[in-house]
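Colleague: Residues per chain, in single letters:
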Amino acid sequence: MIISKLKEALICFKNLRVTFPYPLKRNIEALPVEGFRGKLTIDVSKCIGCAGCANVCPSRLIIVTDKKAVRRLDFYLERCTYCGRCADVCPEKAITMTQEFETATNDVHNDMHISAEVYMGTCQRCGRCFETQTILDKMMTVGFRNNQTTE
Amino acid sequence: MTKQEILSLLKAKLGAGFIAHTEPIPDQLWVEVKPQASVQAVELLHRTTKARYLVSVGSDERELKKRFGVYHLFSFDKEHFFVTIDVSADPHQPVLPSITNVIAGANWSEREIRDLLGVQFEGHPDPRRLVLADDWPNEVYPLRRDFDYSSKPPSNPENAYPFKDNPPNTTVVAMGPYFPVFEEATYFRLYVEGEKVVDVDYRGFYAHRGIEKLGDASLTYNQIPFIAERICGICGFVHNVSFCKLVEHAAGIKVPRRADYIRTIMLELERIHSHALWLGVAGHIIGFDTVLMQTWRMREPIMWLCEKLTGNRKTYGMNLIGGVRRDITKAQVPEVRKKIDAMDKEWQAVLDAVKDDTTLRMRLEKVGILNREQSHEWAAVGPVARAADIDMDSRKDHPYCAYDAVDFKVITADTNDVWGRTVVRILETIESFKIVRQCLDALMELPEGDIITEIRDEIPAGRIAISAVEAPRGEDVHFLLTGGDNRPYRWRVRCPTYPNLPTVQVMVKGEQVADVPIILGSIDPCFSCTERMEVADVNTGKIRVYSQEELFNWTKRKA
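Protein sequence lines correspond, in order, to chains A and B.
Numbering-wise (my numbering), the first sequence opens with residue 1 and increments by one.
Numbering-wise (my numbering), the second sequence opens with residue 1001 and increments by one.
Keep in mind that the hints were calculated from the coordinates and are not lab data.
Computed from a prediction, not measured in an experiment: that's the story for all the values here.
Some clues are possibly wrong.
[What the hints assert, rightly or not] Straight line, CA to CA, 16 Å or less: simulated EDC-like cross-link-like pairs of lysine to aspartate or glutamate:
(1) Lys-1434(B) with Glu-1346(B)
(2) Lys-1050(B) with Glu-1079(B)
(3) Lys-39(A) with Glu-102(A)
(4) Lys-5(A) with Asp-1356(B)
(5) Lys-1050(B) with Glu-1377(B)
(6) Lys-1066(B) with Asp-1146(B)
(7) Lys-1308(B) with Glu-34(A)
(8) Lys-1013(B) with Glu-1032(B)
(9) Lys-1434(B) with Glu-1454(B)
(10) Lys-1434(B) with Asp-1391(B)
(11) Lys-1330(B) with Glu-1195(B)
(12) Lys-1066(B) with Asp-1086(B)
(13) Lys-14(A) with Glu-1448(B)
(14) Lys-25(A) with Glu-102(A)
(15) Lys-1308(B) with Glu-29(A)
(16) Lys-5(A) with Asp-1352(B)
(17) Lys-68(A) with Glu-102(A)
(18) Lys-7(A) with Asp-1450(B)
(19) Lys-5(A) with Asp-1397(B)
(20) Lys-1011(B) with Asp-1027(B)
(21) Lys-7(A) with Asp-1357(B)
(22) Lys-1050(B) with Glu-1032(B)
(23) Lys-7(A) with Glu-1195(B)
(24) Lys-46(A) with Asp-111(A)
(25) Lys-1509(B) with Glu-1079(B)
(26) Lys-1338(B) with Asp-1441(B)
(27) Lys-138(A) with Glu-92(A)
(28) Lys-1339(B) with Glu-29(A)
(29) Lys-5(A) with Asp-1357(B)
(30) Lys-1050(B) with Glu-1365(B)
(31) Lys-39(A) with Asp-111(A)
(32) Lys-1345(B) with Glu-1300(B)
(33) Lys-1330(B) with Asp-1404(B)
(34) Lys-7(A) with Glu-1346(B)
[To be verified] Listing some non-contacts, in silico: residues in chain A with all C-beta distances to chain B over 12 Å:
(35) Glu-34
(36) Glu-78
(37) Glu-92
(38) Asn-110
Ideal Cβ placement from N, Cα and C applies to all residues, glycine included.
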């Protein structure tokens, strides 16, 4: 009886204080590690508007709308589960998961909302939009136009 | 017993009641029987062959086969296969004989099928509502295929839950829906005589989230793993693996070996931190907070390790159908090993200190008895069954992932009490350390990077699969009937608390009121798992929401 109590006391004395004074002091141990999936960001200049992210998102928070010459992607991040599937499937790696984890806010609709606008290319004959400008620019340099000699 | 022997037994005893049998996948025997023969078939399996009852699944198959299907699932643990008794109910007047009088553990399953699909069970001893909210309108069955997942039927505030009548000379002690022991909502009504508990009644399912309905109405195969992970806050990865295993089984997808090992490591890390959490909570319940502080301190490095390996400390998001998303590289292996070794050392110290603590033993021994027969009757699983000297563990009985390649012991105890469950959990954690080490050795030999087989073809409709995965709390069973549209036709989750929670009514009878919290705690209940399904109606007319100001004024008045 007394021996087991002493053993228990010993375990306690070996490890006195283990908590961190977060958020007063941000100890390195308490911060996210590399590979942590935090709040996502999108690099609009890379986005080709393929909407692959909207297809795979389990919580359906990415809404894609086309309005005239603009394709708009809305991310309603208050529903985000931080699974990172959008970043996985993005062919251009335009979406990345950051280390940001302190996302508490009083204004969730604005602070947790990201929107990206991608301009559409118009057809020279009929004048209608048919594909985003980014992917058209990309096609000029890589891929189908085989500018680089491969063999 | 082999499958052939079971078949001939059923054929001989049931006679004309036996319709047909199939073997959809190698570890399954599917027996179709007529409704009037179903009770006899179930009785043969449960009593004569001593098969372990898993769960009954109801499925609305009016579009497919013009029937409601009810499947009674059984497991032959030592023979490594499942037997399903398949019964059809009429699509217009679905009535079936109840099997609850034969297997007490079927009580909840049948009530749930009645609530959600409207299949009536004749002769059910306790035909009260189980899953649906009290004010849910009668005759509206939310899991039927023609019920839209987003529809909200009008509230019916007249319905009240009929609790059991007081046994004579007893007082009611209400525990719940919110009480200091658990953070989740559940309601226990204890009928006490002095300090002694005479009877108990239960009302739960306050936290329905409609997960199964979403699974067969809205989400796709590769989205479901992420919601499956959120069925439970502690054993999420188990549900995740269960679901992926189901689809892989049904579609015949071969998972890379490295992914198997990574899944095994994550499952065992989850078991380690879950058991550490449980031991802490159990200590907290009985007022031994040193254990709470110390085991939770030990648990933290494991959580950080998980964050490093997967990207999040709890909902790992590691699984997809066909494999895992992140590799545990050879460079990471030494670090995992270091953390595991450190935890192992500390855990041994805890075991050493706790095992002879007389205060603890006086509090836990001979409390909350559930013996071998009762355990079989109520189909208890996990540490609860293992503490009743039943050698069952799906890691051994139905090997999945890499458990066929690792060496470990199934820990059992024969004390039938809370102390037995505690010892089983502590020793099991030590086995988990061993398993992780073996998996790490294997990872060093396998080539890096080969972690996922992507699905290229459509997953065929009409396939059936059952998967049993050992969660920290017990066996987790998932059932799947694949459908079109890249999503399941019916997906049923039976978490370990589902069969274990009803056993509490057996355990608490005759015990002191003060022991009820720890008895309840000893099954490691997880209400969020148990109540994973159902469409919640938030627009009830009955509930009044107090404004922040009103509440604030109240507190001021009291002070």
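Colleague: Which hint numbers doesn't this structure obey?
Modeller: Of the numbered hints, 9, 10, 11, 13, 17, 18, 19, 20, 22, 23, 24, 25, 30, 33 and 35 do not hold.
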